[in-house]
Amino acid sequence: MSNPNLRLEKKHPLAIRWNHWLNFPLLAVMIWSGLLIYWANDVYHVPVPGTGPVRIFHENKESGADPDELKGIFPFVMGAPKYWPEKWTEENPDDRSKPRLIYSIKNRLAEGMAWHFFFMWFFTINGIVYVLFTAISGQWRYLVPQKGTIKHAIWTVLHDMHLKKQPPPRQKFNGAQQIAYTSIIVMGLGSTLTGLAIYKPTQVWWLLAMFGGYGAARFIHFWLMIGYVLFFLIHVAQVVRAGWNNFRAMITGYELAPVEAEAVNG
Amino acid sequence: MDNEDANKPDAAAPKPLEEVQASQGAAADLGDEAKMKRISRRSFCWAALAVGGTYLAFNRIHAASTKWTKDASGNPMAEWEPGVFRSALRFDDSVSERLFSTTTLTPTFPDSAITEARTNGDLGLPDDFDPSTWKLKVEGLAGSKSIELTMTDIRSLQRIEYVTQFKCIEGWSYFMKWGGVTLASFIEKYKPEGAPSFVGLETPDVDPDTKRPGYYVSIDMPAAIHPQTMLCFEMNGKPLEPEHGAPLRLIIPHKYGVKNIKRIGVIRYSKEMPADYWAEQGYDEYAGL
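If you're matching them up, the sequences are chains A and B in order. Mapping of the first sequence onto my numbering: residues 1 to 266, in sequence order. Mapping of the second sequence onto my numbering: residues 1 to 289, in sequence order.
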């Protein structure tokens, strides 16, 4: 069915689409390999009232993965699907003073380091290319928060939550998106710098000192990762909500935009 | 993925046509939706190729870093090995060597920074060790000689003491005051044959099964002659305790803890890279911080 109110519009440049989609497997590998490293010294707890501190992740040095059990769950992973947690376990379920384990995996520190310190290059280069492209092409104008962004962001969130009926004025990225997509770049920079500081603490001792030392840099590095996971969840939920036309634009570069939006977009 | 044609405004068409389209209502917009379909088909084909390519690439990497062994019941079992990652790790290390100086000092701290030590790892430290009979074997000396040294010989070398942050490859760390003599002064006094690129250090015990020492590390020569690299026999101003490597251990703060071998029995100069316990387990052999 044709719609007289729709018009083909260029939305996302090719470079940004490549950066965006390349970043998905790269960040996934960085998070997964980072967790393998983290498990060797899983010190961060989240206090949960009533149950005592919950260790978000825990390395289980005693038990190994059961490949057969896992093949049943992840048959699409060829070879040895050791990428996945073997079991959900609880240590001392009756003793509430002991941390509860909600995730466990065999000790694979060397493997995690190998992947992490190989893919860090591609992750970093992809980020640099993205920032350079947006800066040079002028795309940053749509992405970087400016005057009115906060107002627009609040309006967007209120409208999304059905607390405000009238939609905010249409723009390529709404205020909330501008804040989120710029924050994620700042977070990426933070991960790269804290990562470098932990990786070469003697060589870049000044950088390490800026982050407050080795333990602090590792702490920031870890929680930025949790930040990506939260970003990812919200991002995917919003993409689902925004619908097919919006998603398709990130693949094809084009969207079918309402004609009356022309004046707004200039 | 781009389709520049699709972006050409329909306004470029001759005016009469536009009027015709207008009179036909939605006909012009049908064009845009049809174009979108065409662009989508092409883009999604590319996307499918990219997803498939990524999947294949990861499988290749995975296969090239997997060693197939058998488990206890004889079933095939996949085990990770460095494989293709070994060259990636070496590339990282060569970048680091080019980018940074091998003589950068690790920050030192006042005594007030000292925290509780963590005892970690007893590889090569069997209980039957008798410190009174301990001697340090030195191999690969000028003239291809080997000698044995006592603590008195070691103590006569250049003294050094500092508080530094000891960093384990697992991610934990502590602040400790270490005291001893510089490895540089040791190498200066006990000169090697030729110009070896490495120093290998081993614990004095020999495993009856493997005929190898319980623990052994390789140190590259620039790291060995780094001014902070220390043959350590004091911790926190007191004699080193057995679980921390008495009578003599290596403290090399610009390398991970795994390189800070306890209870040194042998020091061997070597042109080739000496065996390294954790490198054999798939860790980076350089381990430089």
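Since the hints were made in silico from the structure, they are not lab data. Treat the hints with care, since some could be wrong.
List time: in silico DSS-like cross-link candidates among lysine-lysine, alpha-carbon distance up to 30 angstroms [what the hints assert, rightly or not]:
no., chain 1, residue 1, chain 2, residue 2
1, B, 35, A, 200
2, B, 238, B, 189
3, B, 70, A, 11
4, A, 10, B, 37
5, A, 172, A, 11
6, B, 238, B, 70
7, A, 11, B, 189
If the Cβ cut is set under 8 angstroms, some of the chain A residues that face chain B in the computed set are [unchecked claim]:
no., residue
8, 11
9, 37
10, 44
11, 113
12, 114
13, 160
14, 165
15, 196
16, 211
17, 212
18, 216
19, 218
20, 248
21, 252
22, 254
Cβ atoms here follow ideal geometry from the backbone N, Cα and C, with glycine treated the same way.
**Report entry** Hint check: 8 angstroms Cβ-Cβ cutoff, residue 44(A) to chain B
**Finding:** violated, 11 angstroms
Query raised in the report: Given the proposed pairing of residue 11(A) with residue 189(B), does the C-alpha separation stay at or below 30 angstroms?
Result: violated, 70 angstroms
Requested in this report: Sort out whether residue 11(A) lies within 30 angstroms of residue 172(A), counting only the CA atoms.
Outcome: Cα-Cα ~8 angstroms, so holds.
Query raised in the report: Does the structure keep residue 70(B) and residue 11(A) at a Cα separation of 30 angstroms or less?
Result: Violated, at about 53 angstroms.
Requested in this report: May I ask you to test the interface hint for residue 114(A) with respect to chain B, counting a Cβ-Cβ separation under 8 angstroms as satisfied?
Outcome: It holds, given that the least Cβ distance between residue 114(A) and chain B is near 4 angstroms, below 8 angstroms.
Requested in this report: Double-check residue 11(A) for me: the hint is only fine if its C-beta lies closer than 8 angstroms to a C-beta in chain B.
Outcome: violated, 11 angstroms
**Report entry** Hint consistency between residue 35(B) and residue 200(A) [alpha-carbon to alpha-carbon, up to 30 angstroms]
**Finding:** At roughly 52 angstroms apart (the allowed maximum being 30 angstroms), residue 200(A) and residue 35(B) break the hint.
Query - Interface hint status, residue 113(A) versus chain B (Cβ within 8 angstroms) - result: Check passed: Cβ of residue 113(A) comes within 7 angstroms of chain B, closer than 8 angstroms.
Query - Restraint outcome when residue 160(A) is required to lie within 8 angstroms of chain B by C-beta distance - result: violated, 26 angstroms
**Report entry** Satisfaction of the residue 216(A) interface hint, Cβ to chain B closer than 8 angstroms
**Finding:** violated, 11 angstroms
Query raised in the report: Is the shortest C-beta separation between residue 218(A) and chain B less than 8 angstroms?
Result: holds, 6 angstroms
Query - Satisfaction of hint between residue 189(B) and residue 238(B), Cα-Cα up to 30 angstroms - result: holds, 26 angstroms
Comparing the model with each numbered hint stated earlier shows that hints 1, 3, 6, 7, 8, 10, 13, 14, 15, 16, 17 and 18 do not hold.
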